[in-house]
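Okay, here's what each chain looks like letter by letter:
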Amino acid sequence: MSPRLKQRWARLRAFLRPPRTLKVTRVGRTYLVVTFGVGLGALNTGNNLLYLLLGMLLSMVVVSGVLSERCLRDLTVRRVGTDAAFAREPFAFRWAVARKQGHAFALTLAEADAPLAGEGGVGYLRAGAEHLVRADLTAPRRGPVTLTGVRVTTTWPLGLFAKTRVLPLPGTLLVYPRRGYACRDPGEAVRGPVGDAGNPRRNDGTGDVTGLRELADGEDARRVHWLKSASQGKLLRVEREREERRTWVLTVESGLAGEELERRIEEVAAQAHRLLDEGHDVGLDTATQRLRPATGIAQERHILRTLAWLGFEAPESDEEAAA
Amino acid sequence: MKPGMRLRLVLRDLASGCAFASMAVSGQLPLWTLALYGVALVCALAGFRLFAKRARLTALLLLGVAILLALNVLNGALNIVVAACAFAGLISGHRLLSAPDPATDGQVHLSGLLMVAGGAALSGELVYGVLLVAFGVLASVALALGVVEAAVPEGEPVPVRSVMPPLATGVGFAVAGAVAFFVFFPRLNWNMTGPRASPGFGEPTTGFSNTVRLGGAGTIKGNPRVVLRATLNPDPGVTALNAYWIGRTYDIFDGQEWTTAGGVRREREAMLTLRPGGDSLVHQRVELLPAYGGRTLIALETPSRLGNAFLNSTTGSRRTFLQELSGGEVRVLETGLGYSYEAYSLPPEAGSGDVFRRLPPLEQDALLALPEGMDPRVSQTAARVLNGEREPLAAAQKLATWLQREYAYTLELGGNVDDPLADFLFGRKAGHCEHFATALTLLLRTQGIRARLATGFFGGERVNDGYILRAGDAHAWTHVLVPGRGFVTVDATPPANRPSQGSRLLERLLALYEAVESRWRNSVVDYSFRDQIDVARALVRPSQPDDAPAERSKLPPPRAFGVALVAGLGAYLVWRALERLARRARPLEATRFLDAVEAQLATARLPRAEGEPLEELHARLTRMDHPLASTLTPVTRRYLEARFGGRPLRPGEAEHLLRALRRAVEHWRREADKAARPPSEPRARAS
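Line by line, the protein sequences give chains R and G. The first sequence lines up with residues 1 to 323 when you count with my numbering. The second sequence lines up with residues 324 to 1010 when you count with my numbering.
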């Protein structure tokens, strides 16, 4: 079979087997039972009014199928994603759903084939307008979650059947470890405050300028010295003395696995969150990666991302596709 | 409560009300269930959910109701189907008063479905059809609003107005689909056990008793209720039939009331032949409705044969037998809500064909009997009016004309007097049909002319293909025995007062309802496999008109217009679909456009880096101030917009841009070739 013929055959198969699934709701089951009973009664007695009622009930089933099909047609869904997803904590997730023509009603969106619990709904989707659907999702565990598509379900118009269509939309959602309560103390700081005097080796404070160095990935761009950067042709950041902050390097010991590893990761995440919240520098040392101590939200993200990938094969790029 | 939820609940409650009403129109539900459900519905519509807090405890009330209904069934006071329907209604009422939640909504709709199914078993009325559609529409809207409401995030309004148009379209299609299913789904059984009659509301107002008593007080009401439907063959085709429909005759008058001599003549017959018929009999298919209230069969005067009788009850129809009594009365043996039967009658202008000597002796004697102590002025008056006329029919007509001229018609009764006839003839000089008929009969008898009183109906109002009689059409007239013709009808009542004397507006409204009801009955309730075959035959081979070719219209038949309309509609829909297909944004159009641009640029043989995208090439050419850069600018911009900016290429835009690019590339190639060509050197010319 030539490739072109194969392609046509695949198209025909896809056309004959539309990506829809149909599930009868609880009300729908009762409805079908009553319809069956009315049908039996009509056939048994020959009562024309029962035939009329049966016709009405069956027509409503057909109309329900047609209207729900129209609802799921021409839909486009885009993942807006989430700011941060933590394991076993509800996090706000968003999809942008739109329809070129025609209206849609009672749509429920969820991630298909992903261990994410929760769904979002939209009552009325106007034609041509993009609607932002919000949902509180929950992930059972940390790590990358492979997203294959978005499941769109509607029970429109009568709630008898739930018709579902999965819109393929591949992506990855990185779920950060839960920031549980840290039982253990983070230990001694690597560096502490040295009286009132500035330490020239601690160069991320708000004191006097100590020098310039190349801006590393993820560092705050506000530190860039634009004049020097322009003259050198590369981004240079200003280093200043600091006086009060301490520096911790948190460690996830190698050799941990399973539940033990998860517990340690959650603990480190919680410690990092607390220390960074207090304004200290925090670094991370794992068996595979080492993060230089730094402060701020960006650093917390780096730490959480690193912890989330621990035990998984990290991607080449450092970005979450879905988030 | 979300905005729109209140509306949904009202619609849900109204749907339930329609479902209950579809059962209630049968008139079979116990009155206390009607009252209980009515209270529940009114409370629910007013927003008082009385059982919201103690739903389980109040469910015990249902248990009590169930026990009560079961006792009624065991006592035989209630049909089990009726009891089940009543219980479904009360469950629905209980749920209406409970707190609204998805489970309760589902139970209300489920009980509604059960109630309309019960209504189909109890009632065959047109009102049922209306209520069924109303239930379907209301329940669908309520369900749809519930579905949308569940999907709308908390705090957002339910888009009620947006829901309605597509839902209305859907419900319209559902009703059309139901009709199509009803018409075309093959009926697998021939016997119809659907309800043929329901008692309805109100007591029957006519019927026949064994006597006709003159006197009484008050006013006779012109009751417009329909009591009889009949189709005639051959069909007279007239709007007002103005025919006499006889029930029975009376022979003996005792001064106060008419009775009949003799008793039961034939006990149990499927078909009764009262008198020999002929070739020109009028066939009647008659249905006596529950409003009739009697067992005496009615037929056009003068009936020859009656039979093929069916008794209609709430549970269906079954064959029954007939009984013949004296006075020509034919009764159904069993009592039912209504009856249907067939009758054959002699043509109206012919007499009954009865021969005096063949009549039973008792009846022979009674035809000239006069009440004891009758006022002698009656006989004197008759002799004076007849003035020697002895021919029975002429004498009867002469007396009838005299009565119509000299006496007034009134529906006011004269009260109980000792001699109602003398009171009518010489006192009030006004009365109703029974007074006129009694007077004529006795006036004739005083002169030795045999006559008797007949009662039944007068009239016949055309509705669709048949005729109806109302309770107010009840009438009395006189049979005069004419030698050689038998009994001949002579009516002394003034012609204008013979038909029903009820309100014309009410009668018209009821006739309109009866016409619709008749259509409903013929098209829905009595629809059968035979009708389906007729429909199929009409679709395949439409019936040709009986008209002569000369009278045939020159226009194409209506079928051709129908086919043309359908074909036109189909062509329009195909055109719309093709247009939509053509307008549809093709997938990967921007990529295809890029491929075409790349192909054009390849012919230009521009130096390009490996994997250099179009935008970078354009930037490079612009920096180089290349001649193609200006042409490439809109191409690059539109490609990027189409692919990433959400602005797809308009129809024909890609071709236009590519055409401009092709021209620019060709021009540039020509210029480049010209520039690359070595300049022509001057040739030496030998001189």
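Hint data in this document are derived by calculation from the structure and do not stem from the laboratory. One should not assume that every hint holds.
Computed beta-carbon distance windows for the label pairs [said to hold, decoys possible]:
no.	chain 1	residue 1	chain 2	residue 2	range
1	G	Leu828	R	Asp74	49 to 59 Å
2	G	Ser485	R	Ala298	42 to 52 Å
3	G	Asp558	R	Leu43	33 to 43 Å
4	R	Arg11	G	Ile403	31 to 41 Å
5	G	Phe507	R	Asp74	26 to 36 Å
6	G	Leu330	R	Glu260	50 to 60 Å
7	G	Ser851	R	Leu132	39 to 49 Å
8	G	Thr956	R	Ser254	39 to 49 Å
9	R	Leu132	G	Ser485	11 to 21 Å
Quick look at which bits of chain G chain R covers, simulated, 3 or more residues with Cβ under 8 Å [as the list claims (entries may be wrong)]:
no.	stretch
10	433–445
11	497–510
12	842–850
Computed from a predicted structure; not experimentally measured. Here a beta-carbon is modelled for each residue, glycine too, at the ideal position from N, C-alpha and C.
Consistency of the hints with the structure:
For Leu828(G) and Asp74(R), the hinted distance range of 49 to 59 Å is satisfied, since their beta carbons lie about 56 Å from each other. Range check, Ser485(G) to Ala298(R): about 44 Å between beta-carbon atoms, so the 42 to 52 Å window is met. The beta-carbon spacing between Asp558(G) and Leu43(R), approximately 36 Å, falls within the hinted interval of 33 to 43 Å. In this structure, Arg11(R) and Ile403(G) break the distance hint of 31 to 41 Å, their C-beta atoms being roughly 59 Å apart.
Here the CB-CB span from Phe507(G) to Asp74(R) is close to 33 Å, well matched to the stated 26 to 36 Å. Checking the proposed 50 to 60 Å range against Leu330(G) and Glu260(R) shows it holds: the Cβ atoms sit about 58 Å from each other. Checked against the hint of 39 to 49 Å, the pair Ser851(G) and Leu132(R) fails, with Cβ atoms roughly 58 Å apart. With their beta carbons about 57 Å apart, Thr956(G) and Ser254(R) fall outside the hinted range of 39 to 49 Å.
Roughly 18 Å separates the CB atoms of Leu132(R) and Ser485(G), a value that falls within the hinted 11 to 21 Å. Using a Cβ-Cβ cut-off of 8 Å, 8 residues of the stretch 433–445 of chain G lie near chain R, which meets the minimum of three, so the contact claim holds. Coverage of the stretch 497–510 of chain G by chain R holds. Counting CB-CB distances below 8 Å, 11 residues qualify, and the rule asks for three or more. Remark: the stretch 842–850 of chain G is confirmed as covered by chain R, as 4 of its residues place a Cβ nearer than 8 Å to a Cβ of that chain, reaching the required three.
Checked against the numbered hints given earlier, the structure breaks hints 4, 7, 8 and satisfies all the rest.
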